[in-house]
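Starting from the known structure of chain C, fit chain Z onto it as the hints suggest.
Take a look at the letters that make up each chain.
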Amino acid sequence: MTSALRVVAPGLMTTLQDLGRAGYQHLGIPVSGALDAVALRAANAVVGNPPGMGALEIAYQGPTLVVEADSVRLAFAGGAAAIDVLDGATAAGGMRVPPFQSVHLRRGQALRVGALSGSVVGYLAAEGGFEAAPALGSQSTYVRAGLGGFEGRALQAADSLPLRQSRAEEREERRLPSLDLALPGRFRVVLGPQDDHFSERGRRTLLGSTFTVSAASDRMGMRLRGPALEHCKSGNIVSDGIAPGSIQVPGNGLPIVLLADRQTTGGYPKIATVIAADLPRLGRLAPGAEVAFEAVSVEAAEAAHRQYAAMLAAFSGQVVAVVAAPIIDEDALRAANLVSGVISAHDPRWEPP
Amino acid sequence: MEASPDMTPARLLPCGDTALAVELGDRVDRRVSALVLALAERLRAAAVAGVVEAVPTFRSLLIHYDPLTVSQAELKERLAPLLSGLRAADSSGRHWRIPVCYHEIVAPDLAEVAGRTGLSAAQVVEAHSAVTYHVYMMGFLPGHPYMGDLPSELVLPRRDSPRTVVPAGSVSIATTLTAVYPLESPGGWHLIGRTPALLWDRRRERPTMLAAGDHVRFQPVSLGEHETLAARSAAGEWRLEPESGLKDHSAGVRTQA
Numbered sequence: 001m002t003s004a005l006r007v008v009a010p011g012l013m014t015t016l017q018d019l020g021r022a023g024y025q026h027l028g029i030p031v032s033g034a035l036d037a038v039a040l041r042a043a044n045a046v047v048g049n050p051p052g053m054g055a056l057e058i059a060y061q062g063p064t065l066v067v068e069a070d071s072v073r074l075a076f077a078g079g080a081a082a083i084d085v086l087d088g089a090t091a092a093g094g095m096r097v098p099p100f101q102s103v104h105l106r107r108g109q110a111l112r113v114g115a116l117s118g119s120v121v122g123y124l125a126a127e128g129g130f131e132a133a134p135a136l137g138s139q140s141t142y143v144r145a146g147l148g149g150f151e152g153r154a155l156q157a158a159d160s161l162p163l164r165q166s167r168a169e170e171r172e173e174r175r176l177p178s179l180d181l182a183l184p185g186r187f188r189v190v191l192g193p194q195d196d197h198f199s200e201r202g203r204r205t206l207l208g209s210t211f212t213v214s215a216a217s218d219r220m221g222m223r224l225r226g227p228a229l230e231h232c233k234s235g236n237i238v239s240d241g242i243a244p245g246s247i248q249v250p251g252n253g254l255p256i257v258l259l260a261d262r263q264t265t266g267g268y269p270k271i272a273t274v275i276a277a278d279l280p281r282l283g284r285l286a287p288g289a290e291v292a293f294e295a296v297s298v299e300a301a302e303a304a305h306r307q308y309a310a311m312l313a314a315f316s317g318q319v320v321a322v323v324a325a326p327i328i329d330e331d332a333l334r335a336a337n338l339v340s341g342v343i344s345a346h347d348p349r350w351e352p353p
Numbered sequence: 001m002e003a004s005p006d007m008t009p010a011r012l013l014p015c016g017d018t019a020l021a022v023e024l025g026d027r028v029d030r031r032v033s034a035l036v037l038a039l040a041e042r043l044r045a046a047a048v049a050g051v052v053e054a055v056p057t058f059r060s061l062l063i064h065y066d067p068l069t070v071s072q073a074e075l076k077e078r079l080a081p082l083l084s085g086l087r088a089a090d091s092s093g094r095h096w097r098i099p100v101c102y103h104e105i106v107a108p109d110l111a112e113v114a115g116r117t118g119l120s121a122a123q124v125v126e127a128h129s130a131v132t133y134h135v136y137m138m139g140f141l142p143g144h145p146y147m148g149d150l151p152s153e154l155v156l157p158r159r160d161s162p163r164t165v166v167p168a169g170s171v172s173i174a175t176t177l178t179a180v181y182p183l184e185s186p187g188g189w190h191l192i193g194r195t196p197a198l199l200w201d202r203r204r205e206r207p208t209m210l211a212a213g214d215h216v217r218f219q220p221v222s223l224g225e226h227e228t229l230a231a232r233s234a235a236g237e238w239r240l241e242p243e244s245g246l247k248d249h250s251a252g253v254r255t256q257a
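Which chain is which? The protein sequence lines are C and Z, in order. The numbering used here numbers the first residue of the first sequence as 1 and each following residue consecutively. The numbering used here numbers the first residue of the second sequence as 1 and each following residue consecutively.
Okay, chain C solo, but in the shape it has when bound (with noise of 0.2 Å):
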């Protein structure tokens, strides 16, 4: 039999995303992938995961799944939903589960996760990944020309989810202690490459205003409202090649900052391109929330990507594990003299392998 999860709720758009299908852009094929790789790589590392593996972003509203495996270990991570675990798909109450922590479910027991806040979206990752042919090399869900993912769409009711592996690990549970979800008070921009196609006030528009996200966006864009910026040329190029993080500005002037459905190529003026490390944050804002941004040299974004990329690369040394106790009472222990056995590195009488 199949080790799956079952589908009982889908949730709002849940769909199956690693970090993206990259080397086909040339065919018209969009990257896709996780909007906040972050979270991504952070659920991932609490289940012991390769950081890239395929996990469901869940939006706004997360999925009830239920567990049709011997046993199956999962994480939830970004934004402040947490996972109920339910000892039926009906019932309700049971276990609560913080994000960024490991749970181990048994055959029969489901889980929900709840309405997201803090982020539009968050990465719930099953040990050992799940059961999806890569599409041109990745589990990425482009629902738009329905590929990758599970049948190239968003979940639905009744939707079995193979799991590569058929029961959990034996071990304990685990947890990323800290990760910094705050959202920077401006995101940073490189001007260009069509940045001459805009007034100086045009420009200064766009680095001097607070935007507001419009309902209206999703994975491809979001579309921003605010004061219009003032073109000084056409608005309209010869269609070129669009970056992750391109802020296109139709005739309009409103901007629309294009994230991982993004279509390959268009022909709108681009004013400017939000740097890599400041992306998986812009993933997470929610309708009328509010973005402004400040330009930084290509040198300072590089030096932020450096930042970043090590951000991402101490995750796997921070997942500690979950005390199962949730509160230690140390002098009860002292006196119960339950802890005159614990050993340390400084111990002479213990040398460590």
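Under 8 Å between C-beta atoms, here's a sample of chain Z residues computed to sit facing chain C:
1. 13
2. 15
3. 16
4. 19
5. 27
6. 28
7. 53
8. 54
9. 56
10. 68
11. 72
12. 138
13. 200
Just the calculated beta-carbon pair ranges, DEER-fashion:
14. Z:188 <-> C:204: 25 to 35 Å
15. C:307 <-> Z:85: 31 to 41 Å
16. C:225 <-> Z:123: 41 to 51 Å
17. Z:161 <-> C:307: 39 to 49 Å
18. C:236 <-> Z:92: 24 to 34 Å
19. C:160 <-> Z:186: 26 to 36 Å
20. C:236 <-> Z:223: 28 to 38 Å
21. C:289 <-> Z:77: 38 to 48 Å
22. C:307 <-> Z:159: 42 to 52 Å
In case anyone wonders, no lab produced these hints; they're calculated from the structure. Even for Gly, the Cβ is constructed at its ideal location relative to N, Cα and C.
Just chain Z, lined up with the frame of chain C:
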């Protein structure tokens, strides 16, 4: 940067910290396109560490790279010798003959195009299928080609109001270009026919059909032939193969696994 006899000096435009645009012209132009494709070819051969992929467009090449492996300043240095003496690539893509049904049932704008160009519908079809088009670039949708140049008598601006739904396989024209919608999508070009060939087929290991640098000729077919081929396409029993060609550009310039 030394300009070769074939080109105006390249403009290197930063696109954040993970992409760099190399602009070789400012218009839709076969000579500029040939330079862009030649640069893509040189970049592929040079296998520059850190280059993830490169996307050729009408007049520029967008290079996506990993800044942890190569900085933008270093990438610019690596590009200098590739740009020096760059010459238009030989026309070396694959040749395709794409069946197109121009019957009014699948060509909702054919009559209007005929009216606006002062031609008969038959003359529009004849003009559209009489020339070999160059695939300038792929974009907008997976497998969507921008091809040119249209015979001058067919040049029209885009439709005033775009359609919200254009069926997959629709053959379109606007400005100096022609294209095929690979997927159902919104669209603002004039629809003058339909092809049974699948320019996007997610069942295939390589779902796209065309690539930049390919050559395309349209072959008029009857509604009956179209319907037969469309049914066989859908069933996975027929797919269009290229006629010939020296080089398959669809592999791209990806240098990293």
